[in-house]
Amino acid sequence: MTPTEELLRAELDRAYPATATAPDWSEVLRRLPAAPARPRRRRLGVAALALAAAAAAALALGAPWRHGPTFADRALAAIGHDRYVVAVLEPVQPSVSVVDLATGRTRPLRERTVTIVDSGSASSAPNTSGWITLGGVVTGVFTQGNPENDPAVASFAAGYRKALADGSATVAGKTTYRGRPARILRFSFDQAVEVRPGTQVLSPVAYPHGRTEDVAVDTATFRPLWVRWTDTVVTVDGGTRRVRRVQEPTYRVVSIGSRPTAPTLPQAAHSDEAETRPALRQVTRAGAARVLGARARWLGPLGLRSVELEQVFSLQGQAASGFGLRFVYAHGLEVRESTRPGPYGYWIPGLLPPEGKALASCEGCGPWGVLEGKRAWTFSLRSGPMYVSVTAPTRDLALGAAQQLRAMP
Amino acid sequence: VRTATVAELESLYRARYPAFARVAAAVAGDDARGADAVHDAFASAMERLGSYRGEAPLEAWVWQIVIRAAGAARRRGVAPLVAPDEPAAGEDEPGIRALVAALPERQRLAVFLRYFADLDYRSIADALGVEVGTVSATLSAAHATLRRNLEEARA
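As they're listed, the protein sequences go chains A and B.
Residue numbering for the first sequence follows this note's numbering, beginning at 12 and increasing consecutively.
Residue numbering for the second sequence follows this note's numbering, beginning at 435 and increasing consecutively.
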């Protein structure tokens, strides 16, 4: 650099100090105009209109910058292009809540799944990890292949950016979410879920367009607002096959974006997960009252069909670790209890509400309930020294029973 | 024909934002208007990415858009070209801003791109849409004018 240039640089640096503003890519995205609406062709027949719409959507989503960025391009840009995609999702309708037993007042617990997808991993399937929180407590940390990972949520985080990039998304409609106009992008997958009654096994099977994933994308910010899956479920019962469509709960997209480094996985809360073996033996009422070493809780003798002693096993190592009681009442009502929380109460001790409140959840109330064939509400609570779960086919019955629990005489 | 992707555009934004913002602020008259111009320019670049044909590097193409956006921001606003260090009443020495503002536009832009964005002559040529030789002559003229005016002002 010549002396003149050096002098000039010094003078310019003094007169024009470096700008203090920081880069913010979202500022760029915010200034993008919404993609223009396409004019309607009223005279086309329904089928022709559907074909035209599909073709327009494919063009709008798939054209690689021929006429400027498409809606999908903008949605892709809103995520960013760094290596790690981090998606935070929570169900719009939480499935676990805390119930005040005195008033019946219910407070939903926030459930969140944080999924991290490493798009730069060498393997064909992207490396996925993340964690799940319930009421702010980390209930699980997962890495690829871990069954705790919700496959639908994970596939969203992994597949959304890819689908936007490869043009496999189509515009399926419009919607409004919390006052924000949005377009619904749809991804289709050629797979279905096969269920054989009597087993817990859900097997993926090939099925053209069997699974769809709808994502509502804000037309102003191009960020996803919610995601919802619809599955084709094939039930195989003997030689009979039935095909149904099951719509999963809607998940709100709390955030999704990319970053150059992966977030650190948190430590999962202490778990006391345990299971039970079928009844060791029937016990008398008198025996049941003190067999666990503390006075058992029950609903009284009315409608009581049986009392069974169960063996409790720790899930780690299948070691026998204690006993539990199972009171079977009429109308599908059951009371099960132990002196430790794992077997019957919630297995994350930090989540158990104080005495007077219960954790309420429902198995079979969601869209899969129609396949499971039964619905069971469970109230998990502390009652004196006992960790108790009350299960009933209806919420009212379970709540009423939880309110009437008392120590056996 | 070389095309570009939004990912490349975003990478360029993240890597070179300070340079874009500084040049745009100098052209537009202040930092806020400059930052606005940069963001408007990148949004515009995304909109028009299909028209990028790869004749010049992507950065040069974006520089053209940023410079136009910053110029438009200056014209829309009332920011004078010589605001902050214009000599106050009683001062004899004119500010360097006043001297730069007095340069012909191409010389002024070449100075900004050279000193604030550290672009070499080839890149400045691509950004301004001129030949490399023209950049050399333009900067040479700007240096001569500024040196002369500074010396005169301090004499």
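Simulated from the structure, these hints should not be mistaken for laboratory data.
Fair warning: there could be bad hints in the mix.
Stated by the list, open to error - Residues from chain A shown here face chain B by an in silico Cβ test under 10 Å; the list is partial:
1. 26
2. 92
3. 95
4. 129
5. 131
To be verified - Rough simulated footprint, nothing fancy, chain A against chain B, three-plus residues with beta-carbon under 8 Å:
6. 472-484
7. 495-508
8. 529-541
9. 564-572
Treat the numbers as computed from the prediction; the structure is a model and nothing was measured.
Glycine included, every Cβ here is placed at the ideal spot set by N, Cα and C.
Hint check:
Against a cut-off of 10 Å between C-beta atoms, the interface hint on residue 26 of chain A holds, since the closest Cβ of chain B lies about 4 Å away. Here the hint on residue 92 of chain A is kept, as its CB sits about 4 Å from the closest CB of chain B, short of 10 Å. The interface hint given for residue 95 of chain A is violated, since its Cβ lies 15 Å from the closest Cβ of chain B, which is over the 10 Å cut-off. At about 17 Å, the closest approach between the beta carbon of residue 129 of chain A and any beta carbon in chain B exceeds 10 Å, and the interface hint on this residue is violated.
Evaluation of the residue 131 of chain A hint against chain B yields a violated restraint, the C-beta minimum of about 13 Å exceeding 10 Å. Here's how the region 472-484 of chain B fares: 9 of its residues keep a CB closer than 8 Å to some CB of chain A, so the rule of at least three is met and the hint holds. By the rule of at least three residues with a Cβ nearer than 8 Å to a Cβ of chain A, the coverage given for the region 495-508 of chain B is violated, with 0 such residues. Counting residues of the region 529-541 of chain B whose CB lies closer than 8 Å to any CB of chain A gives 4, which reaches the minimum of 3, so the coverage claim holds.
Given as covered by chain A, the region 564-572 of chain B fails the check, having 0 residues with a CB less than 8 Å from a CB of that chain where 3 are the minimum.
Violation of the numbered hints given earlier is confined to hints 3, 4, 5, 7 and 9; the remaining hints are satisfied by the structure.
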